[in-house]
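*Asks:* Residue numbering for the sequence shown follows the numbering used here, starting at 1 and increasing by one per position.
For the record, the hints were derived by calculation from the structure and aren't laboratory data. Glycine included, C-beta positions come from ideal geometry on N, C-alpha and C. Be aware that a few hints might be false.
Pairwise CB distance ranges, derived in the manner of DEER restraints [said to hold, decoys possible]:
(1) Arg20 with Arg139: 27 to 37 Å
(2) Lys106 with Glu57: 26 to 36 Å
(3) Glu90 with Asp112: 32 to 42 Å
(4) Gly60 with Ala94: 28 to 38 Å
(5) Ala94 with Leu16: 29 to 39 Å
(6) Ala66 with Ala117: 23 to 33 Å
(7) Asp21 with Gly46: 13 to 23 Å
(8) Gly70 with Gly119: 14 to 24 Å
(9) Val56 with His154: 30 to 40 Å
(10) Pro143 with Gly70: 10 to 20 Å
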Amino acid sequence: MVAPMSDPRAQAVEWLRLYRDLGVEAMALPSPAEAGPAPGDSAVGGAAEALERLRVETLGECQRCALWKGRTRLVFGTGNPEARLLFVGEGPGADEDRTGEPFVGKAGKLLDKIIGAMGLSRPEVYIANVVKCRPPGNRAPLPDESATCLPFLHEQIRIIQPEVI
């Protein structure tokens with residue numbers, strides 16, 4: 001569970017702990033020009049527009065780690081940009097790489113059942129991954145790959161402002 005949006009210090013501590021738990025010892029941060037919309041931008045153009053800017057202008061045809069070399073499509077995220085519930089997976093698999101949408105394969109069918117059992121539908125939630133490109137052989141992302149993409153996931157979270165992750 002992520003700290004309330006009203007407590008940025010607690011959120012920062014939680015993110016640092018997550019990085020540490022993922023084995024991250026150092027990370028390359030995007031320059032301010034690459035960091036995405038400034039705080040509050042999502043309110044100006046709406047969450048959908050802010051997410052689209054993040055996807056197109058900031059990530060674009062990302063080549064920040066080696067995963068881009070094997071990808072077919074970048075898998076950014078999908079769903080309601082103002083969702084109260086956000087699901088986050090590790091990274092895309094073969095089906096997701098082919099379609100550019102997260103959780104469309106076998107795991108996606110299971111997730112759809114889970115969402116339905118909660119009384120919700122897929123369009124009511126937002127679904128993203130830590131890494132946006134498929135790791136080779138569907139392996140788990142390496143710590144440096146996760147660290148490279150985490151700032152973009154954090155920005156998705158900041159824009160969407162879900163109540164539950």
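*Asks:* All the hints need checking, so say for each whether the structure fits it.
*Replies:* Taking the hints in turn, this is what the structure says about them:
1. A hinted range of 27 to 37 Å for the beta carbons of Arg20 and Arg139 is inconsistent with their spacing of about 21 Å.
2. Between Lys106 and Glu57 the C-beta distance comes to about 33 Å, which sits within the given range of 26 to 36 Å.
3. Distance hint for Glu90 and Asp112: a CB-CB separation of about 18 Å, inconsistent with the stated range 32 to 42 Å.
4. Between Gly60 and Ala94 the CB atoms are about 23 Å apart, so this pair departs from the stated range of 28 to 38 Å.
5. A beta carbon spacing of about 33 Å between Ala94 and Leu16 agrees with the range 29 to 39 Å that was offered as a hint.
6. Judged by the Cβ atoms, the range 23 to 33 Å given for Ala66 and Ala117 is violated: they are separated by roughly 38 Å.
7. In this structure the hint that Asp21 and Gly46 lie 13 to 23 Å apart at CB is violated, the actual value being about 33 Å.
8. For the hinted restraint 14 to 24 Å between Gly70 and Gly119, the CB-CB distance of approximately 38 Å leaves it violated.
9. For the pair Val56 and His154, the supplied restraint of 30 to 40 Å is violated, since their beta-carbon distance comes to about 18 Å.
10. Look at Pro143 against Gly70: about 18 Å separates their beta carbons, and that is inside 10 to 20 Å.
Hint check: violations occur at hints 1, 3, 4, 6, 7, 8, 9; the rest are consistent with the structure.
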